[in-house]
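Novice: The residues making up each chain are set out below.
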Amino acid sequence: MLSNTLDGVKMLHHDEMRNYDRIQGKLVSVIMNHGCKIIETPSFEDYDVYQHYFPQLRQQMVKTIDTDGRVLVLRPDVTVPLVETAAREFPRANQLLKFGYVSTVFREYFGRSTYGKDFLQGGIEILGDPSPECDGEVIVMAAEILKAVGVEHIRIDMGTAAYTQALFDGLPLEEAQKQTLRQYMAERNLVAFGKYLSGLSLDSEARKALEAIPVLFGPYAETLSKARGYCINSGMRNALTRLEKVYDYILYAGYADKVQLDFGFTSTLGYYTDMVFKVYVDGALYDVIDGGRYDKLSAQFGVDRPACGFGMNINLLYEFMSDAGLLEDAQPSFQLAVSYTDSDQTLIRDLMQWRQRGFRVAAYPDSSFIDSGDYSIHAVYRNHSYYKDGREMSAHDLEDMMRGL
Amino acid sequence: MSIHIALAKGRIHKVVMKYLMESGYEFPSYSEDSRKLIFEDAGHTLKLTLVKSPDVAVYVERGAADIGIVGEDVLIEDNAGANVYEVLDIGIGRCNMAVAGVKGKKVDMSRRITVGTKYPRIARKYFEENHHSVDIIKLNGSVELAPLVGLSDVIVDIVETGNTLRANGLEVLDYFMDFSARMICNPVSFKMKYDEIHTLIDVIKKKEIR
Numbered sequence: 026m027l028s029n030t031l032d033g034v035k036m037l038h039h040d041e042m043r044n045y046d047r048i049q050g051k052l053v054s055v056i057m058n059h060g061c062k063i064i065e066t067p068s069f070e071d072y073d074v075y076q077h078y079f080p081q082l083r084q085q086m087v088k089t090i091d092t093d094g095r096v097l098v099l100r101p102d103v104t105v106p107l108v109e110t111a112a113r114e115f116p117r118a119n120q121l122l123k124f125g126y127v128s129t130v131f132r133e134y135f136g137r138s139t140y141g142k143d144f145l146q147g148g149i150e151i152l153g154d155p156s157p158e159c160d161g162e163v164i165v166m167a168a169e170i171l172k173a174v175g176v177e178h179i180r181i182d183m184g185t186a187a188y189t190q191a192l193f194d195g196l197p198l199e200e201a202q203k204q205t206l207r208q209y210m211a212e213r214n215l216v217a218f219g220k221y222l223s224g225l226s227l228d229s230e231a232r233k234a235l236e237a238i239p240v241l242f243g244p245y246a247e248t249l250s251k252a253r254g255y256c257i258n259s260g261m262r263n264a265l266t267r268l269e270k271v272y273d274y275i276l277y278a279g280y281a282d283k284v285q286l287d288f289g290f291t292s293t294l295g296y297y298t299d300m301v302f303k304v305y306v307d308g309a310l311y312d313v314i315d316g317g318r319y320d321k322l323s324a325q326f327g328v329d330r331p332a333c334g335f336g337m338n339i340n341l342l343y344e345f346m347s348d349a350g351l352l353e354d355a356q357p358s359f360q361l362a363v364s365y366t367d368s369d370q371t372l373i374r375d376l377m378q379w380r381q382r383g384f385r386v387a388a389y390p391d392s393s394f395i396d397s398g399d400y401s402i403h404a405v406y407r408n409h410s411y412y413k414d415g416r417e418m419s420a421h422d423l424e425d426m427m428r429g430l
Numbered sequence: 116m117s118i119h120i121a122l123a124k125g126r127i128h129k130v131v132m133k134y135l136m137e138s139g140y141e142f143p144s145y146s147e148d149s150r151k152l153i154f155e156d157a158g159h160t161l162k163l164t165l166v167k168s169p170d171v172a173v174y175v176e177r178g179a180a181d182i183g184i185v186g187e188d189v190l191i192e193d194n195a196g197a198n199v200y201e202v203l204d205i206g207i208g209r210c211n212m213a214v215a216g217v218k219g220k221k222v223d224m225s226r227r228i229t230v231g232t233k234y235p236r237i238a239r240k241y242f243e244e245n246h247h248s249v250d251i252i253k254l255n256g257s258v259e260l261a262p263l264v265g266l267s268d269v270i271v272d273i274v275e276t277g278n279t280l281r282a283n284g285l286e287v288l289d290y291f292m293d294f295s296a297r298m299i300c301n302p303v304s305f306k307m308k309y310d311e312i313h314t315l316i317d318v319i320k321k322k323e324i325r
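Chains as they are written, first to last, in the numbering used here: chain A, 26 to 430; chain B, 116 to 325.
For the record, the hints were derived by calculation from the structure and aren't laboratory data. Heads up, a few of these hints could be off.
Stated by the list, open to error - List of simulated lysine to aspartate or glutamate pairs, DMTMM-like, C-alpha gap at most 20 Å:
(1) B:K240 with A:E212
(2) A:K220 with B:D293
(3) B:K320 with A:E236
(4) A:K220 with B:D317
(5) A:K251 with B:D310
(6) B:K308 with A:D307
(7) A:K220 with B:D204
Take these sequences, add in the hints, and give me the full structure.
Specialist: This is the structure in structure tokens:
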């Protein structure tokens, strides 16, 4: 007997599917309320494209070979193919495009106690709108989705990659030295960052800013004023002014109490160009949503178009909702299960009529076993009549009982 | 909010526990020889878990613990790329990584040599950087034996005093890395419990300076 011993793959059961459906339904309805079009990118992508844009995903991606011998990867993300397709099909750079999706993404993920080789990702991408209001809308949409699925206690950490970029641009350092600093920041290695920084020759203002940035996070007003104190050039000041406008949108939308600032977000790749954010749910030590503005990606596909969006790991959200008791309980798959010795036309006609009226019913031969958790009402069909708990009942009586459930 | 610390079982946990108790934390249920793996301090601000050193970063990365204290060697060898903050060099448990061979016996580095070690990743990196071709044999203990019984030409191992090497007739050919214990932190805890974590960092820093 061959048994499946692969880690990180599993079958989803009925109740899980229903809960995933419910989460997806709410997500789709929120993003459609914001005017997003729902799309799905291809399951297969070109390995070379991803190796180019996301070299750090090289090992993580699931590779496969097509019939022509080309190396393909199973969808490792949605943003790249979406932006690429949009650049091809909608070449007007200022055309507003709002997309939303729910797709399986083939990448490893870890929760506290879960691990998977793929996960369901939901998200949005807004192309063609450079305004801070757009960033605000993206963040608010993320918050609204969590609210719609019943997750009330959230925390939004917002920062700006432009601020850090402007600081680095203003440093009198070699490119390689900047790279090393960014690398340590991205690795969150504060020990190595501090040691390396102490060996560089910098004026005290720049040094103070660099020392502060990796741990510059906290409540909005307080952190913003600290960040303002570290500005060494107009680029940094402009980044903060823009961030304030994003915050204003969130404030008017009613989510200001959830927002904190974090200037420590980093990525070595420079994928995000301005606002970046992560959403944490209460009690979970991982973020369920992350996103931001990435104005330079589309230009690499020939259309210089600003973009902002987020992705959400629905499997992680599911884990959290399960721990927090926010999922719906199991429900029997049959409202009525009828066991019979001999089936006949009356039984089949009754079943058809019940189903037409929207009831979940099924009949099975009494030689089969049925789990008592699978049905709400159980009846026996014998000699052209129905019996429940030994009492004879009509098809009409049974239907009334189902209606009363 | 209490913080949960995963400590590498062994020398590190003994020193850290001593630090904490000298700094005023009380752990009524802790004693060095106890088999218990979870302790809480009397003021309910710290919870400590003792785990095997390569597991510390796993606990912290997955959020089963907020903070971990573990040797830098372990972080490099077993937990490369873990998504955790490295927040503090605690300075305890300092030791060196070294290449050692049989005393007085010359190793011909121009040919492919065999290396016995508990640290294959660190060893491979060292030899690659020095342009040597090597075969690495991963061993789990008593690494000093390997060159003596002809299993390998040299070993790569942690050296503290060098006593074990001398007792077995080996000598250090090259010291190439020094390590100390590090405090690592879950990236979300680092933000959510910043004040509590900083209090702890200050407590430990004070100890370190003395």
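Novice: So if I understand the rule, the pair passes when the alpha-carbon distance is 20 Å or less; does K220 of chain A with D204 of chain B pass?
Specialist: holds (10 Å)
Novice: Does E212 of chain A lie within 20 Å of K240 of chain B when you go C-alpha to C-alpha?
Specialist: holds (19 Å)
Novice: Hey, K308 of chain B versus D307 of chain A, does the alpha-carbon distance stay inside 20 Å?
Specialist: holds (13 Å)
Novice: Is K251 of chain A within 20 Å of D310 of chain B, Cα to Cα?
Specialist: Roughly 17 Å separates the two Cα atoms, so the pair holds.
Novice: Can the restraint linking K320 of chain B and E236 of chain A be considered satisfied, given a maximum Cα separation of 20 Å?
Specialist: holds (18 Å)
Novice: Holds or violated: are the alpha carbons of K220 of chain A and D317 of chain B at most 20 Å from each other?
Specialist: holds (18 Å)
Novice: With a cut-off of 20 Å on the C-alpha distance, tell me whether K220 of chain A and D293 of chain B pass.
Specialist: Holds - the C-alpha atoms of D293 of chain B and K220 of chain A are around 15 Å apart, at most 20 Å.
The structure fails none of the hints (numbered hints given earlier).
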